[in-house]
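Taken in sequence, the protein lines are chains A, B, C and D. Using my numbering, the letters of the first sequence correspond one by one to residues 1 to 342. Using my numbering, the letters of the second sequence correspond one by one to residues 1 to 342. Using my numbering, the letters of the third sequence correspond one by one to residues 1 to 77. Using my numbering, the letters of the fourth sequence correspond one by one to residues 1 to 77.
Misleading hints may appear alongside valid ones.
[What the hints assert, rightly or not] In silico lysine-lysine, BS3-like type, Cα no more than 27 angstroms apart, as pairs:
1. A:LYS139 with D:LYS3
2. B:LYS234 with C:LYS3
3. D:LYS63 with A:LYS234
4. B:LYS324 with A:LYS16
5. A:LYS163 with C:LYS3
6. A:LYS277 with A:LYS330
7. D:LYS16 with A:LYS236
[Unchecked claim] With the C-beta cut set under 8 angstroms, the calculated list includes, among others, these residues of chain D facing chain A:
8. ASP66
9. ALA69
10. ILE71
11. GLY76
These are calculated hints, taken from the structure and not from any lab test. Beta carbons: idealized from backbone N, C-alpha and C, even for Gly.
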Amino acid sequence: MDTRYSRQELFSGIGKEGQKRLQEKHVLVLGAGALGSASAETLVRAGVGTLTIIDRDFVEWSNLHRQQLYTEADAEHNHPKAIAAKNRLQSINKDTTVKAYVLDAKADNLEKLVQGADVVIDGSDNFDIRFIINDLSQKYRVPWIFGAFAGSFGMSYTFLPEKTPCLQCILSTIPSSSMSCETSGIIAPAVQMTSAHQTTEALKILTDQEESLRRTLLLFDVWNTQQQSIRTDKVKKTDCPSCGKERTYPYLVHEQDTRLEVLCGRNTVQIRPPEKKEYDFNALASELKQHGNVRKNSYILICTLSDCRLAIFQDGRVLIHGTKEIDKAKHLYHRFIAKEKE
Amino acid sequence: MDTRYSRQELFSGIGKEGQKRLQEKHVLVLGAGALGSASAETLVRAGVGTLTIIDRDFVEWSNLHRQQLYTEADAEHNHPKAIAAKNRLQSINKDTTVKAYVLDAKADNLEKLVQGADVVIDGSDNFDIRFIINDLSQKYRVPWIFGAFAGSFGMSYTFLPEKTPCLQCILSTIPSSSMSCETSGIIAPAVQMTSAHQTTEALKILTDQEESLRRTLLLFDVWNTQQQSIRTDKVKKTDCPSCGKERTYPYLVHEQDTRLEVLCGRNTVQIRPPEKKEYDFNALASELKQHGNVRKNSYILICTLSDCRLAIFQDGRVLIHGTKEIDKAKHLYHRFIAKEKE
Amino acid sequence: MIKILFFARLQEEIGKDSLNIEKAGLTVNQLKQWLEKEHGLHSLDQTMAAVNEDYADGSEVLKEGDTVALIPPVSGG
Amino acid sequence: MIKILFFARLQEEIGKDSLNIEKAGLTVNQLKQWLEKEHGLHSLDQTMAAVNEDYADGSEVLKEGDTVALIPPVSGG
Numbered sequence: 001m002d003t004r005y006s007r008q009e010l011f012s013g014i015g016k017e018g019q020k021r022l023q024e025k026h027v028l029v030l031g032a033g034a035l036g037s038a039s040a041e042t043l044v045r046a047g048v049g050t051l052t053i054i055d056r057d058f059v060e061w062s063n064l065h066r067q068q069l070y071t072e073a074d075a076e077h078n079h080p081k082a083i084a085a086k087n088r089l090q091s092i093n094k095d096t097t098v099k100a101y102v103l104d105a106k107a108d109n110l111e112k113l114v115q116g117a118d119v120v121i122d123g124s125d126n127f128d129i130r131f132i133i134n135d136l137s138q139k140y141r142v143p144w145i146f147g148a149f150a151g152s153f154g155m156s157y158t159f160l161p162e163k164t165p166c167l168q169c170i171l172s173t174i175p176s177s178s179m180s181c182e183t184s185g186i187i188a189p190a191v192q193m194t195s196a197h198q199t200t201e202a203l204k205i206l207t208d209q210e211e212s213l214r215r216t217l218l219l220f221d222v223w224n225t226q227q228q229s230i231r232t233d234k235v236k237k238t239d240c241p242s243c244g245k246e247r248t249y250p251y252l253v254h255e256q257d258t259r260l261e262v263l264c265g266r267n268t269v270q271i272r273p274p275e276k277k278e279y280d281f282n283a284l285a286s287e288l289k290q291h292g293n294v295r296k297n298s299y300i301l302i303c304t305l306s307d308c309r310l311a312i313f314q315d316g317r318v319l320i321h322g323t324k325e326i327d328k329a330k331h332l333y334h335r336f337i338a339k340e341k342e
Numbered sequence: 001m002d003t004r005y006s007r008q009e010l011f012s013g014i015g016k017e018g019q020k021r022l023q024e025k026h027v028l029v030l031g032a033g034a035l036g037s038a039s040a041e042t043l044v045r046a047g048v049g050t051l052t053i054i055d056r057d058f059v060e061w062s063n064l065h066r067q068q069l070y071t072e073a074d075a076e077h078n079h080p081k082a083i084a085a086k087n088r089l090q091s092i093n094k095d096t097t098v099k100a101y102v103l104d105a106k107a108d109n110l111e112k113l114v115q116g117a118d119v120v121i122d123g124s125d126n127f128d129i130r131f132i133i134n135d136l137s138q139k140y141r142v143p144w145i146f147g148a149f150a151g152s153f154g155m156s157y158t159f160l161p162e163k164t165p166c167l168q169c170i171l172s173t174i175p176s177s178s179m180s181c182e183t184s185g186i187i188a189p190a191v192q193m194t195s196a197h198q199t200t201e202a203l204k205i206l207t208d209q210e211e212s213l214r215r216t217l218l219l220f221d222v223w224n225t226q227q228q229s230i231r232t233d234k235v236k237k238t239d240c241p242s243c244g245k246e247r248t249y250p251y252l253v254h255e256q257d258t259r260l261e262v263l264c265g266r267n268t269v270q271i272r273p274p275e276k277k278e279y280d281f282n283a284l285a286s287e288l289k290q291h292g293n294v295r296k297n298s299y300i301l302i303c304t305l306s307d308c309r310l311a312i313f314q315d316g317r318v319l320i321h322g323t324k325e326i327d328k329a330k331h332l333y334h335r336f337i338a339k340e341k342e
Numbered sequence: 001m002i003k004i005l006f007f008a009r010l011q012e013e014i015g016k017d018s019l020n021i022e023k024a025g026l027t028v029n030q031l032k033q034w035l036e037k038e039h040g041l042h043s044l045d046q047t048m049a050a051v052n053e054d055y056a057d058g059s060e061v062l063k064e065g066d067t068v069a070l071i072p073p074v075s076g077g
Numbered sequence: 001m002i003k004i005l006f007f008a009r010l011q012e013e014i015g016k017d018s019l020n021i022e023k024a025g026l027t028v029n030q031l032k033q034w035l036e037k038e039h040g041l042h043s044l045d046q047t048m049a050a051v052n053e054d055y056a057d058g059s060e061v062l063k064e065g066d067t068v069a070l071i072p073p074v075s076g077g
């Protein structure tokens with residue numbers, strides 16, 4: 001008789017034994033954007049035992065064309081991606097334990113999450129976090145599957161600690177400029193292609209078939225139907241600071257969070273206060289209402305001012321959309337949110 | 001400012017002009033299984049103006065690992081796939097007009113649908129229907145994008161009337177045996193890969209960029225990372241009965257539906273009565289309850305007997321699951337459903 | 001030498017993804033028959049073929065150095 | 001002759017997906033500098049390179065007949 005996974009068990013690369021193993025494994029998906037959405041859905045549908053997904057953002061209208069877990073209602077209500085993802089994933093498969101965290105991933109808060117995982121799927125959108133994942137993967141010997149795209153072009157690589165080169169061997173520094181969805185746009189088929197390669201490799205790892213892994217850096221362009229597999233046998237560096245003999249894990253050196261942290265990008269400035277704080281959303285809402293339209297749910301409060309928008313997260317972070325100017329952002333932060341503090 | 005399609009417009013292959021064109025076009029997706037689900041979702045997210053999707057089946061548990069529009073609730077309540085697909089698609093994008101039909105596709109009922117479409121996406125699971133699509137595509141000069149898979153292997157081709165060979169040129173007869181999900185299983189990444197190639201070609205057609213189409217038969221295996229593009233320049237046959245000079249459209253010759261039609265496959269027999277009929281589900285339910293568990297919604301009534309299951313559709317069709325024997329199926333049909341008739 | 005590439009079920013049936021043989025001069029159909037007889041492959045008559053990435057019909061004669069891809073139809077959707 | 005394959009933004013910047021040049025003897029880094037100067041490509045210093053489908057570092061010397069792939073990093077996810 002047909003069971004839930006019968007067509008997957010029929011595939012010779014998985015089988016009934018593979019299905020059983022899959023159901024005992026734990027996947028960590030870092031980021032619930034386009035790649036994280038697609039890969040999490042595939043693995044939850046496939047029946048992985050536990051899936052942890054983390055993301056710091058909330059759903060916006062410009063995400064919907066490529067981020068398959070979300071609906072218009074999620075954009076309308078500014079649902080945090082991690083929470084919206086979990087809701088959809090559990091409606092798809094309640095047998096998978098789905099853990100979701102609204103979290104700004106950093107070396108310290110990722111450390112515990114990576115340790116508990118059998119594989120890490122890269123669903124992030126920047127190389128800062130990928131170099132942190134890379135160090136954690138080496139430190140705790142958890143494989144991670146890199147994926148990235150822009151336009152119609154994507155790439156993927158499966159990093160196996162002690163066996164393949166690591167990201168630091170391949171790229172000796174964090175690329176200072178790289179093509180992203182903000183510079184080159186993106187079409188959904190390029191997302192699906194990248195995710196398909198990532199989840200295929202994940203299925204091999206989760207069914208204990210390391211010998212079947214691809215072992216090449218894969219490049220592809222779905223618009224031009226190009227594909228190239230690049231061998232990486234000579235790339236591993238014995239003096240690599242992340243995977244070499246005298247490794248120091250340079251991206252795990254915790255910055256001391258003693259002052260306001262400010263990140264720029266995408267016409268947005270992120271401000272993180274020196275210590276974690278909890279806001280009183282009701283009090284904040286009634287005050288901010290005098291300055292602009294206010295919407296909120298239990299995770300986030302959004303206030304639309306005349307020329308920009310404040311998104312205040314329960315974990316303390318504030319995103320100021322509509323400006324790239326740090327001084328302006330800091331000014332708004334102090335004026336409206338953290339009046340009492342420096 | 002970010003708009004819904006801003007990242008897609010930023011992609012040089014689409015642009016603002018392409019986005020506008022896309023929003024004026026009409027796609028027909030034949031089948032709402034794995035490929036139909038994936039492709040319909042991509043195109044609705046991308047903002048196509050109108051999407052028509054048809055399917056004759058209802059959602060079953062064994063679909064969920066690869067058919068991305070459906071949830072456990074759809075399987076539990078036996079929602080027809082076309083209806084469940086429409087609900088999800090509209091929650092994703094209410095600006096696309098989604099038309100859904102619970103319909104057993106045949107030459108006659110497809111004829112009108114194909115005429116109204118700018119492109120047809122193949123989401124079917126058998127070559128009988130694909131040869132009908134092929135003839136309709138030629139007759140009404142509507143391009144269609146073939147896609148098929150089994151295991152981790154897939155293929156796709158874009159058929160352009162008057163320009164490329166047609167399916168009949170490539171395969172002179174309907175393959176009597178072919179690998180399917182029932183014989184070889186399927187993994188979801190192979191679905192995503194096939195759909196990604198189909199929707200990329202569809203995006204080119206829908207934005208009037210025929211010159212960018214791939215023009216090769218594409219083969220790929222996501223587990224082994226194989227890909228091959230096969231040229232088809234020499235394949236078009238001038239005496240082809242579907243696209244040649246003296247064409248007869250052999251698959252459009254309508255069978256006269258004067259008798260009970262019986263189709264076998266997948267441990268299931270389908271019976272279609274000679275004329276369309278409407279059932280009184282309430283009367284049928286109260287009678288069938290004496291023989292087995294009965295569930296129903298407005299499209300379908302399902303009765304589980306001791307060794308098989310009857311699925312009765314409002315359009316007249318009956319699926320008898322759990323047997324391959326035509327005589328047994330006919331016996332059950334006459335005993336429980338069409339007692340008064342021959 | 002002729003290089004044969006196998007896809008999908010053929011790969012599993014023969015246990016590898018390619019094979020090199022000395023069979024220049026055979027047609028595609030004759031090659032299929034030879035593979036059925038010598039390597040136990042099944043039902044190759046409906047298998048599509050490409051020679052050097054050009055779709056080929058059964059009468060095409062194979063030349064030294066050709067690469068033949070054998071592609072069984074798949075129907076799932 | 002050396003064949004250069006371009007991916008992603010490089011394809012758009014140079015307007016084609018490959019280029020054949022007579023530059024055997026250059027290193028990968030020297031080739032990048034030459035492309036920046038002669039073809040107006042930007043910021044190739046962070047572009048990855050592969051020679052004959054093997055990942056290559058900047059000091060690798062190109063030989064007659066080599067195929068070089070130039071791969072700009074992409075970061076979207």
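Status of the hints after comparison with the structure:
1. A:LYS139 with D:LYS3: It is violated: about 40 angstroms lies between the C-alpha atoms, which goes past 27 angstroms.
2. B:LYS234 with C:LYS3: holds (22 angstroms)
3. D:LYS63 with A:LYS234: Judged against 27 angstroms, a Cα distance of about 18 angstroms means the pair holds.
4. B:LYS324 with A:LYS16: holds (25 angstroms)
5. A:LYS163 with C:LYS3: The hint is violated at about 32 angstroms.
6. A:LYS277 with A:LYS330: holds (17 angstroms)
7. D:LYS16 with A:LYS236: violated (32 angstroms)
8. ASP66: violated (14 angstroms)
9. ALA69: holds (6 angstroms)
10. ILE71: Because about 6 angstroms separates D:ILE71 from the closest Cβ in chain A, which is inside the 8 angstroms limit, the hint holds.
11. GLY76: holds (4 angstroms)
When held up to the earlier numbered hints, the structure conflicts with 1, 5, 7 and 8 and fits the remainder.
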